[in-house]
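Novice: So the chains spell out like this:
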Amino acid sequence: ELKVEQNPLFLSMQEGKNYTIYCNYSTTSDRLYWYRQDPGKSLESLFVLLSNGAVKQEGRLMASLDTKARLSTLHITAAVHDLSATYFCAVDRRTGNQFYFGTGTSLTVIP
Amino acid sequence: NAGVTQTPKFRILKIGQSMTLQCTQDMNHNYMYWYRQDPGMGLKLIYYSVGAGITDKGEVPNGYNVSRSTTEDFPLRLELAAPSQTSVYFCASSYSLGQGAKLSGYTFGSGTRLTVV
Numbered sequence: 006e007l008k009v010e011q012n013p014l015f016l017s018m019q020e021g022k023n024y025t026i027y028c029n030y031s032t033t034s035d036r037l038y039w040y041r042q043d044p045g046k047s048l049e050s051l052f053v054l055l056s057n058g059a060v061k062q063e064g065r066l067m068a069s070l071d072t073k074a075r076l077s078t079l080h081i082t083a084a085v086h087d088l089s090a091t092y093f094c095a096v097d098r099r100t101g102n103q104f105y106f107g108t109g110t111s112l113t114v115i116p
Numbered sequence: 004n005a006g007v008t009q010t011p012k013f014r015i016l017k018i019g020q021s022m023t024l025q026c027t028q029d030m031n032h033n034y035m036y037w038y039r040q041d042p043g044m045g046l047k048l049i050y051y052s053v054g055a056g057i058t059d060k061g062e063v064p065n066g067y068n069v070s071r072s073t074t075e076d077f078p079l080r081l082e083l084a085a086p087s088q089t090s091v092y093f094c095a096s097s098y099s100l101g102q103g104a105k106l107s108g109y110t111f112g113s114g115t116r117l118t119v120v
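Protein chains in written order, with this note's numbering: chain B, 6 to 116; chain F, 4 to 120.
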């Protein structure tokens, strides 16, 4: 069974600080996705990482992928309150295009 | 461009009742999915489809049925609602490798919040 683990599950941080969310997965995959979910809302695609060493940045968020370590990170730089949300990573097998989601990291940025 | 449209947004069912959650996409995606999200949890795959006429079970299919008669529509049916099916249901769609498009991940609908009492 493919497992996707995120840590931390809950993160409370002050505005202006930096932090990293980790996503580990248990099977060979070279595609990883990050999503954001605001309370009561749907999931919004943030990043699509398609190869080993891929790095993508959007504003204060940067995602990277190390397929050999089966690890992706989502780095937050100088957090602002608007980044408060739950962040999910998802991995797919190489066949079937079926995604497996992590349990999510609930981020609260405190002013 | 509407993307993925789910209806209804909210529904309360009594135990034993049946209902169909509707999902339509207008992006010509081959692949469609149904997930459920329980409070404070990640998403669990219920069923998925790789094209019209083809469906397959995910991690938690018991108590649900699906059909895929067209590329656009992928309804989810609950036959005998149980309290354990109280959840938020998300429909999603995606390109497949065969469509030759950039792998852009899933596009999600806005969700259906279902309560079974």
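Treat the hints with care, since some could be wrong.
Said to hold, decoys possible - Pair by pair, the computed Cβ-Cβ distance ranges are:
| hint | chain 1 | residue 1 | chain 2 | residue 2 | range |
| --- | --- | --- | --- | --- | --- |
| 1 | B | Thr113 | F | Ser107 | 34 to 40 Å |
| 2 | B | Thr25 | F | Pro42 | 34 to 40 Å |
| 3 | F | Ser99 | B | Thr33 | 37 to 43 Å |
| 4 | B | Thr78 | F | Asp41 | 33 to 39 Å |
| 5 | B | Ser50 | F | Asn68 | 27 to 33 Å |
| 6 | F | Lys60 | B | Asn29 | 38 to 44 Å |
| 7 | B | Ile115 | F | Ile57 | 18 to 24 Å |
| 8 | F | Thr8 | B | Thr25 | 17 to 23 Å |
| 9 | F | Thr73 | B | His80 | 38 to 44 Å |
| 10 | B | Lys61 | F | Ala5 | 36 to 42 Å |
Claimed, not checked - Derived DSS-like pairs (lysine-lysine); straight-line CA-CA distance at most 27 Å:
| hint | chain 1 | residue 1 | chain 2 | residue 2 |
| --- | --- | --- | --- | --- |
| 11 | F | Lys12 | F | Lys60 |
| 12 | B | Lys46 | F | Lys17 |
| 13 | F | Lys60 | F | Lys17 |
| 14 | F | Lys47 | B | Lys8 |
| 15 | F | Lys60 | F | Lys47 |
| 16 | F | Lys47 | F | Lys12 |
| 17 | B | Lys8 | F | Lys60 |
| 18 | F | Lys17 | B | Lys8 |
| 19 | F | Lys47 | F | Lys17 |
| 20 | F | Lys47 | B | Lys46 |
| 21 | F | Lys12 | B | Lys73 |
| 22 | B | Lys46 | F | Lys60 |
Think of the hints as simulated: they come from the structure by calculation, not from any bench.
Nothing here was measured: the structure is a model prediction, and the numbers come from that model.
The beta-carbon is built from N, C-alpha and C at its ideal position, and this holds for glycine as well.
Novice: Let me make sure I understand: some of the numbered hints might not hold for this structure. Which ones are they, in numerical order?
Specialist: As far as the earlier hints go, 1, 2, 3, 4, 6, 7, 8, 10, 18 and 21 are violated by this structure, in ascending order.
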